[in-house]
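Colleague: Residue-level listing of the chains:
Protein chains: 2
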Amino acid sequence: MNSKVRGLFRIALHLTLFFPAVFLLAQNAWAADQDLIGRVNRLCGPLPQAMPSEQNPLTPAKVKLGRMLFYEPRISIDGTVSCAKCHPLSLYAADGLKKARGNSYKESPRNSPTIFNAAAQISAHWVGNRTGVEDQARQSLIGPPSYGMPSYASVEKILREIKGYLPLFQEAFPGESEPVTVDNFAKAVGAFERTLVTPAPFDDFLQGKAGALTGEQKRGLVAMLDGGCLTCHFSPYLGGQLYRKFGIFAPYQTYTKSSPVDEGRFAVTKDEADKHVFKVPVLRNVAMTPPYFHDGSVEQLAEAVWIMAKVQLGKDLPPEQVSDIVAFLKALTGRIPAAALTVPVLPAKQ
Amino acid sequence: MNSKVRGLFRIALHLTLFFPAVFLLAQNAWAADQDLIGRVNRLCGPLPQAMPSEQNPLTPAKVKLGRMLFYEPRISIDGTVSCAKCHPLSLYAADGLKKARGNSYKESPRNSPTIFNAAAQISAHWVGNRTGVEDQARQSLIGPPSYGMPSYASVEKILREIKGYLPLFQEAFPGESEPVTVDNFAKAVGAFERTLVTPAPFDDFLQGKAGALTGEQKRGLVAMLDGGCLTCHFSPYLGGQLYRKFGIFAPYQTYTKSSPVDEGRFAVTKDEADKHVFKVPVLRNVAMTPPYFHDGSVEQLAEAVWIMAKVQLGKDLPPEQVSDIVAFLKALTGRIPAAALTVPVLPAKQ
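Protein chains in written order, with the working numbering: chain A, 27 to 376; chain B, 27 to 376.
One or more hints might be untrue.
Same chains, same label: a pair holds when it works inside one copy or across any pair of copies.
What the hints assert, rightly or not - The calculated lysine-lysine pairs, modelled on DSS-like cross-linking and capped at a C-alpha distance of 30 Å, are: (1) Lys189 to Lys124; (2) Lys296 to Lys124; (3) Lys271 to Lys341; (4) Lys132 to Lys341; (5) Lys336 to Lys30; (6) Lys189 to Lys296; (7) Lys301 to Lys375.
What the hints contain is simulated information worked out from the structure, not anything from laboratory work.
These numbers were taken from a predicted model, which means no experiment stands behind them.
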């Protein structure tokens, strides 16, 4: 055999040995992806197009009015607070502060969560003292550290003085003799919030597109599934469905350096079992909404991930795994609906 | 003649007498409108499509970046202040407060004017202590009652930490080795503001459409021309071109009940002649941007109009004339450019 023939023979041998190996590897990877997609679909399921409510059906007129009222500061005691203050859409509907600032710069007791993908939780707020987004919108108006108004009647008085609102409330709540009410304010704002879902690369993955996540992101997802993170952070929102104690293996403040230490849901129920219990937060868009935890005590997502594993699961995650999980969490950063990103122009006072 | 013929004769007589009268009246009205359009065009002139600057040429990349930076609160000392805080577009780019509130709820010395149609004034701010919109954007960053940052370098540090800004600054300022600077922040925000012109029914009138103003509005415009209001409130912006003493015929505080009394431009020049001197404000969108005057001391537009005539012109305007003028001022409420009403989504910190 001359060298040319020997060369061809060697190539043929390589092909015979390696192609099946490559094929088997690819087949295994495909099967692993399908397995992962199936596994995570059972825990999460697809993100809906909106988060409707039987008590508050969505209509275009109600959503439009709600988007306006979301930006309305003239119904706060000092004219500085609107929903958009603590939930600016430009920062993924969170304010970037440790704790929100309301009227007269009063500090809110806890961190402002994003209102994206927020309406389908068991309750609103960290400790479940608001039944849902409508209740949250309503109670904010008289909340001392938020709008700080003395009464619902005082809010209604201002809304009625701004004449341009009447036709918009009439359209959103047809047939009502006095539609300009705080209840309808709450329904309109709630309806707007119910439209705020942000589909992300993770949803493409859930729908079967294995390539929507990078290898690192898939490793991060597997780590979260195997580690038990999704035991609490399940649902299409990856959270919002349970209350859980923060600090099972160690007090959370050991790592978050929180001061003061918040007793959580105990403040609502006065049940000892609810001490340091908080609602499991939604993880969607988490990379866009620092700082973290109920008190915004941690600025870096990687640190928050490490602390969660430490105090909730008793695990000391190695840096590579933290990094994989952070990569996965970035796949939860979603696309904000264009209609939500239009600034509404509010009616004049005179 | 029978009654039918008499009837026809009577109709013919009426037509002969009245048609020319109606025609003459219409012709007079037309001539009066044309005269008014000509007169006001000489004092105001057409609103441009943007307010360009030789020092800061407008490019789409610069305007886009400026719109983002306009909403950026993470470069303020407590994370609560952005341009949009005192100039929310939903309220016609003014905040509705007597005096603006900056970082840590600090009170600004004066009322926030709208930034719509604002870039072509002789200066920014009420007392001319900012050379223009770029200078205003820059100095706000270190202004103690606004962003309150300790230095420009500290702002640049944060802007550079938010990695997503680098490509946007590079695109807006091509060829610069370090484009992420406070100077370029100021240019970008200024460029965005230079696009914010709001054409109104008044502009249609200026362009010859006599029907764009109602009869009441035309009477109001004539009252302003005859009364001398446009001696100061001239230009396409109806103001912004002169400094003038507020309170020529009487101290302004006699009627505005202002306390404390602001010495105006004297604070900048230390010239006795500048005591109680302020920049003549732009009147565009005035009906949408209460409260009024440099200290927001007056809530109602009608009251502000009456006070202006009283203290600047020594006239006690009758209520009908105030009402006509207010009607005309409403014809200055303009259409906000759609591109300005999109909320920009800001890059993540990590």
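Colleague: Broken hints, numbered, in rising order?
Modeller: 4, 5, 6 and 7
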